[in-house]
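*Asks:* Residue numbers (my numbering), protein chains in the order written: chain A, 1 to 413; chain B, 414 to 826; chain C, 827 to 1014; chain D, 1015 to 1202.
FYI, nobody ran anything at the bench for these hints, they're computed from the structure.
It cannot be assumed that every hint is accurate.
[What the hints assert, rightly or not] Heads up, incomplete: computed chain A residues facing chain C, CB under 10 Å, no partners named:
(1) Pro-31
(2) Leu-41
(3) Pro-42
(4) Leu-58
(5) Asp-146
(6) Gly-148
(7) Val-173
(8) Ala-177
[To be verified] Chain A stretches covered by chain B per the calculated footprint, using a threshold of three residues with CB under 8 Å from any CB of chain B:
(9) 200 to 206
(10) 282 to 289
Backbone N, C-alpha and C fix where the C-beta goes; we use that ideal spot for every residue, glycine too.
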Amino acid sequence: MRRMPAAILVLSFAVLLPPPPSGADPERPEPLPADALGVILPAPPPAPHQVWVADFVLERTAGFDANDGRLLGMLSAGVGTIAPLFSQARGEIYLPETYYSRGSRGTRTDVVTIYDAATLAPEAEVVVPPKRADVVHAMALSTLLDDGRFLAIANFTPATSVTIVDVEERRLVGEIATAGCHLVYAAGPRRFFMICGDGSLLQVTLDEAGHEQARIRTPPFFAILEDPVTEKAVRRGDEWIFVSFDGLVHSVDVAGETPRFAEPWSLLDEADRGASWRIGGVQHLAVHEASGRLYSLMHRGGPDEHKVPGTEIWVYDLETRRRVQTIGIRNLLGAFLAQQTGTPGGALLWLLERVVPNPGVDSIAVSQDADPRLFGLSRSAGTVAVWDARSGEFLRYLENVGIAPGALQAPWR
Amino acid sequence: MRRMPAAILVLSFAVLLPPPPSGADPERPEPLPADALGVILPAPPPAPHQVWVADFVLERTAGFDANDGRLLGMLSAGVGTIAPLFSQARGEIYLPETYYSRGSRGTRTDVVTIYDAATLAPEAEVVVPPKRADVVHAMALSTLLDDGRFLAIANFTPATSVTIVDVEERRLVGEIATAGCHLVYAAGPRRFFMICGDGSLLQVTLDEAGHEQARIRTPPFFAILEDPVTEKAVRRGDEWIFVSFDGLVHSVDVAGETPRFAEPWSLLDEADRGASWRIGGVQHLAVHEASGRLYSLMHRGGPDEHKVPGTEIWVYDLETRRRVQTIGIRNLLGAFLAQQTGTPGGALLWLLERVVPNPGVDSIAVSQDADPRLFGLSRSAGTVAVWDARSGEFLRYLENVGIAPGALQAPWR
Amino acid sequence: MSRSETPSWERHLDRWAEAAARQLARGLSRRSLLGRLGATLAGAAALPLLPVSRVSAASSDPAPAAPEGLDGPEGDPSSCQYWRHCAIDGFLCSCCGGSHTACPPGTVMSPVTWIGTCRNPADGRQYVISYNDCCGKHLCGRCLCNRNEGDRPAYLPPKSNDINWCASAPSTVYHCSTAIVLGVATES
Amino acid sequence: MSRSETPSWERHLDRWAEAAARQLARGLSRRSLLGRLGATLAGAAALPLLPVSRVSAASSDPAPAAPEGLDGPEGDPSSCQYWRHCAIDGFLCSCCGGSHTACPPGTVMSPVTWIGTCRNPADGRQYVISYNDCCGKHLCGRCLCNRNEGDRPAYLPPKSNDINWCASAPSTVYHCSTAIVLGVATES
């Protein structure tokens, strides 16, 4: 928003602007007028169909409008995990960042940068202990507690702890020791939990100032050795939904003082297991809260292939715990290339989608509005597919989302 | 070189190392012994056939051994131009760098980082005025004066000036005002020159402490409007060799108190001009000092195509000012791909080199030893071709030199 | 995808097809971009195939209503061939959250910059174009465009598109470039 | 290269060939790498085609004398298929100026790291492998390799290859990964 007066435009070396032309030709259009200088566009207002994609080589996360494919703007970041937190109530974006005084070396400084969501310009920063965790999937590393005041950041040095920041007062509250437990999941306005190395949860309750008031350690709630849950859980209201490597759904209800664990149920039936279907990708779960639809990225593979990209998205009704839909993943590479030719509905598309091998999808996310969009990122194609999340109808691609695309977020309501 | 004791290897979370196996099977080989921990390789000793390639997306410059294609090591860098200066006498590498306290924003700090060439670890840094010029070709932006003590850095804010650093004492000497003139070329142990906007040179002489002692401004030595020289000159002894957009060679002798300009001569004859041959690429010149061979990257194109990659390297004898050789540029993409198939000499290579269009070469450099190597970088192929610089025989490719490869340097003797 | 060893003939075929297609694609991109890609904003040109291809893809998106009476890429501000881009070197801000005359949100426009003179085919006039850089965020990385009509060496700064003009902004970190009409240069 | 407009059929052909070949190449790379490329060290996998292809190219360079009695990629420390790499996630230091057991010049080895158990086909034994990261310089960018035998979530750090283990080094900036034998895990 810093507008530069036109007068200072061309300064230090002489540039010859010729005198304005004299005489008018009635047959020619008027000359174009001079454009305004120093104009900076605002960010489009938050909307549910906006999706953000991080890129750790370009050191940024960029927002895209899924309705028209436009890039909306970017936040630059430091080294390590890039996973902004979005506060619709305050119109702000919080980005935990790590910087070294000499880029790759020197003195480390960790900050939470507070962005104005309307301008994507940094408004303030809070310096935090230089300990934040850096994990490549960028999930459950920080969270905004439910009323949007306190932000919790998982630390890993490799000792684990949690940093609390008050984003209303824009100050560091302090650090909470959490040895043996890692990652952070919001569980109320003053509460979060972590997963411990024995398969239990550590739940921490804060007081009104953001300091630790109480902690509870649950018993283990999944089989840590035989079939651990992934850390890539999704939340629906008071329910956190974890899924194990073998497809068992472990739900955690955080409404009460103590986390309550629901009876596990499986995403897979015998036939699915027989056909070697399993979860896959980097962000393999998404949930649409209002409709209770759970989206799970699936592929066929062996037990050590839990990060292999998904080839189908299976849709479950959380009330009935039944699969209600299967969304085949369009060939992001084939269709993208067909689209490039300008014949998106033609025979070439038909052919390309069938001939070009399908790179699959690494990450999924879903918007939370009444007309929801489902997003699927192929990291190797650098493309995000957009579906109607209810009908499963494919709608469009967002292209060129980055060189090394990572975390996928649909943060606005 | 910071070696980590093995004892501290696995610390904060328990890892189960099973007891050593008992009982020996005479038919099986002995188990592999444990490897040493914390070993850091030294850098291979400087050698003439080592070539360095910068990359501004990966923010580094990397050294390669042109004899076997190995990557030798890297220097990480800050934002902007990456162009290290190599001191064989002191066994050091000097890297002018720019950092912001928050990566892309905040407080700017410019430094010259002093690396030990034997370890590629930073040994010291000199903070300099935060003004160094950032030009995409990375040429003539800094220089080490002839006895290796003073380093001159071109500044651009966009006002121009020069920063002087004493690398022996590892301290900033000061800044010299040079309004209207830009870029720096070494011209003796205590002397450098710059090019001014009217086509003249500004020569600055330093005293023993590195401060300005005298300056001389020459008359213009080329036609600034009609046929300017590129800034990508090369040096042979006391002679700096500039070449104009239209291929005119303008030599500057810096042996005396005042720069002397030789009579220009042309790289092109009438037939060449008629066929639209012209200079091209980003680094279009290289010179082998001992033999007096000048290498010029050429292509056919129009007057605004002075940055289009070269398709041939023309070799001149600087004594006779005659073209003595033409090196056709092998198809870096086709041959690289043929090599991948493991049949570098076969029919596939023959075919690929002819069928796959040739991306050309953007930058050239030559080593200064008696058995010199000529290097040609294709930025779009990410590959460096290596030739015998005397015979023109193609020798090999250096592959995967970066995502966004830039400045190409063969610094060691 | 099988983990078994690929037979030699298949590897050859793969690589052969890869070779041919990659280069065809590169040639295509180059043609689409008008300016050759190998030249400047240094190695950005060498951001490998996929981004390069995506550049042309972005250009082939349905163009907004052609401004200034032009159809086709010369009338599409997100195309490298857009008439105002005759001396640009960088990422087009219209692909980065800005427009051809405005910076993306949260960046700062460089006040001092280089100047080109480009012919508007809609009215036949030469216009003075100011290629103000947008600064203070990392490389945009989309719609790289390098054209060099009238480009001159860095010792002639107002004519040099090799210079990072964010040198004149609060942060010198380069993000993308605009193409702003300052006025008519000459009637023709 | 002509600047004239490319005819539509040629564009189609170009893009078609590009599509087919790119994906073939990706499939090839994936096969060569054994581990799928799409997974981790996040988007490094998505460094577009050319680097990916170069990864396999680097692996096809003449291998040093096969160590430990193995021929082929399982005996080549600069190959993703090398037996010690069964749980690695990152750039192989042997392609970055280091080796499979040593860091490149000027970097620092992380003292704490994750552990895999890999079978050496030359002697049939399972070995405990420590994947110490090398730290303090930017991403190496060569020979990306991701294999996940026994990989577990980040709440089990010693089994998680998603974690940046430079967290335990003086600079947490990740450069490349080694694969160091700690000892025999089990006789089989």
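*Asks:* Evaluate each hint against the coordinates.
*Replies:* Status of each hint after checking the structure:
1. Interface hint status for Pro-31 of chain A: upheld, as the beta-carbon distance to the closest one in chain C is roughly 5 Å, under 10 Å.
2. Below 10 Å, beta-carbon pairs count as interface contacts, and Leu-41 of chain A has one with chain C at about 5 Å; its hint therefore holds.
3. The criterion of a C-beta within 10 Å of any C-beta in chain C is met by Pro-42 of chain A, whose closest approach is roughly 6 Å, and the hint holds.
4. Checking Leu-58 of chain A against chain C by beta carbon gives a least distance of about 5 Å; that is within 10 Å, so the hint holds.
5. Hint status for Asp-146 of chain A: violated, given a least beta-carbon distance of 28 Å to chain C, over 10 Å.
6. Hint status for Gly-148 of chain A relative to chain C: violated, with the closest Cβ pair at about 22 Å, above 10 Å.
7. About 27 Å separates the beta-carbon of Val-173 of chain A from the nearest beta-carbon of chain C, more than 10 Å, and the hint is not met.
8. Violation of the interface hint for Ala-177 of chain A is found here, the shortest Cβ-Cβ separation to chain C being roughly 35 Å, above the 10 Å cut-off.
9. For the region 200 to 206 of chain A, the assignment as covered by chain B is violated, since 0 residues bring a beta-carbon within under 8 Å of that chain's beta-carbons and 3 are needed.
10. Counting residues of the region 282 to 289 of chain A whose beta carbon lies closer than 8 Å to any beta carbon of chain B gives 0, which falls short of the minimum of three for the stated coverage.
This entry does not satisfy hints 5, 6, 7, 8, 9 and 10, going by the numbered hints stated previously.
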